[in-house]
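Chains as they are written, first to last, in this note's numbering: chain F, 742 to 1050; chain L, 742 to 1050.
Treat the hints as calculated values from the structure; they're not laboratory data. Do not take every clue at face value.
Heads up, the list lumps identical chains together, so a pair's fine if it works in one copy or across two of them.
No farther apart than 20 Å at their CA atoms in a straight line, the calculated lysine to aspartate or glutamate pairs in the EDC-like style are these [stated by the list, open to error]:
id, residue 1, residue 2
1, 818, 790
2, 818, 953
3, 818, 849
4, 819, 953
5, 818, 923
6, 819, 1016
Nothing here was measured: the structure is a model prediction, and the numbers come from that model.
So the chains spell out like this:
Protein chains: 2
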Amino acid sequence: MSSMPIALAGIGKIARDEHIPALNDSPDWHLAATISRNAEVEGVRAHEDMDAFLADPGDIRTVSLALPPAPRFAYAKKAIAAGLNVMLEKPPATTLGECRILQDMARDAGVTLYASWHSRMGAAVEEAARRLRGAALRRLHVDWREDVRQFHPDQDWVWEAGNLGVFDPGINAFSILVAILDGRVHLTRAEMVVPDGRETPISADLEFGHGDGARVSARLDWGHKGAPVWNMEIETDRESFVLTRSGTGIDDGQGEIDLGGETAEYALVYARLAELVRGSGSDTDLRPLEMAADAFLLASRSIGPPFEW
Amino acid sequence: MSSMPIALAGIGKIARDEHIPALNDSPDWHLAATISRNAEVEGVRAHEDMDAFLADPGDIRTVSLALPPAPRFAYAKKAIAAGLNVMLEKPPATTLGECRILQDMARDAGVTLYASWHSRMGAAVEEAARRLRGAALRRLHVDWREDVRQFHPDQDWVWEAGNLGVFDPGINAFSILVAILDGRVHLTRAEMVVPDGRETPISADLEFGHGDGARVSARLDWGHKGAPVWNMEIETDRESFVLTRSGTGIDDGQGEIDLGGETAEYALVYARLAELVRGSGSDTDLRPLEMAADAFLLASRSIGPPFEW
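Could you build the full structure based on these sequences and the hints that come with them?
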């Protein structure tokens, strides 16, 4: 099958770290245009904004949006209205309402809409799901800690209302959790800490209900120091293991087995996008975002110490 | 068609004010059992809890749950697992995750699940929708104010995390809003006031995006004194009118026209339930709850004066 041209909107850190390398190595896609006010990619046709791109998209039928969540919705609407296929970085939008509208528009326009969850593509996620099938889950604890100063240095917008705070990394855990537990899990309790003077949570403790009565819980912390911890401790009637490093490793107690780097996640995301576009399908699993919304619905909030960069 | 037996769980204020009178007048249903720890209905077989009822449901194939949101999920799961049809008061559950699980269970069990929105049955809602079809909406403002002391006297649980606060009446407005605007509306901004020492909002100011760019907004207030105000001020390119008293009246500026009392709402809810059960269908529109969840996701929160009954 021939390689398809794609436009990438939002040429920031995530685009350079993940999207562009994945597209450069992809058998399915080649980066044919960029849409960004601030940056360009050498040798690729550059547009300042979505309107400028849509004025002359050439043979490009697909746009990938690596923008922050806030401006993503307007861009997605414009692209779908112009009859283009759209891929969304996670989270797919700032609200469930925006997601609904994009789903409706894509269905009416007959284009592909792909709400991607890159962490779900982690090399060990399918292995964890395999171990859980046929076993009885007893306990699962999500331990998801990273230093916000490392991943969002000086980005004050992450603390503004309408953003997810620590649920921005947490939603990656949710995307894995929903996948490996086959959706048989739902939030029952949430406690959040919001830094004094800020609007989004820096940490959260969560409890979940599970179809078989297993104890499922999560600790999310953006105030962590040092290397990130992205683990799920899993105990079934057969075995105990840890799904490590955001779904890319497994630790059975005899040391960690690396099943493939995180960098493969975006290669798989773009392979999935190609499959959807070629089959004229869409994939918009909103359950991870619903889980974050449920946390905000349920949460007891307390005010923590002020946060300074 | 013959009248079908139904069980009613939760014999509190809403059951006595609405459900029981509607069932007594229904051509489709007769109240054949109650499930309640605290109360009975004269002449009707009484059960203390869902387990006691399910031990011997007789020929009853349908249960209506008029319990508060928190215990409703466990009861709904048990009833569906026993192969019964289930109707849920609004809101259908405390979280979207609970709703998903009930939807999945009902589909797998082949039973009817009806997430009812009684306010959507208001006699003037269809008239408002008719006026909006084919017209261009310019402005819509939801003005939804009531005295929490009148509707929930001394019920401290309404202020506990996991409840909706002022979004409990607000979700009635959302159920109408989604219906008359055909889903082409989504939340874009929310400001909430939470009483000092409480966990749920007493008031909220909301802004919405609309498919045609109309200005859509809402003011929800549980601290209102006097008779409730449940209005939607609507302006199109053709006319201005107010949908009054929670979707039961229309005011064109020459005084209010009452299109039928609120009491008819539950008659229509139970007629819809009968239609669903006879056709083996389900109706679980989660958009009003999603809109409330979106408000909690987006909200800027401020602390207001302490609330005392």
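Each hint tested on the structure:
1. 818 - 790: Intra 14 Å, inter 49 Å, cutoff 20 Å: intra-copy only.
2. 818 - 953: The answer is between: 13 Å across copies meets 20 Å, while 40 Å in one copy does not.
3. 818 - 849: within (12 Å within a copy, 35 Å between copies)
4. 819 - 953: between (44 Å within a copy, 14 Å between copies)
5. 818 - 923: For residue 818 and residue 923, the Cα distance is within 20 Å only across copies (18 Å; inside one copy 30 Å).
6. 819 - 1016: The answer is neither: 23 Å in one copy and 40 Å across copies each exceed 20 Å.
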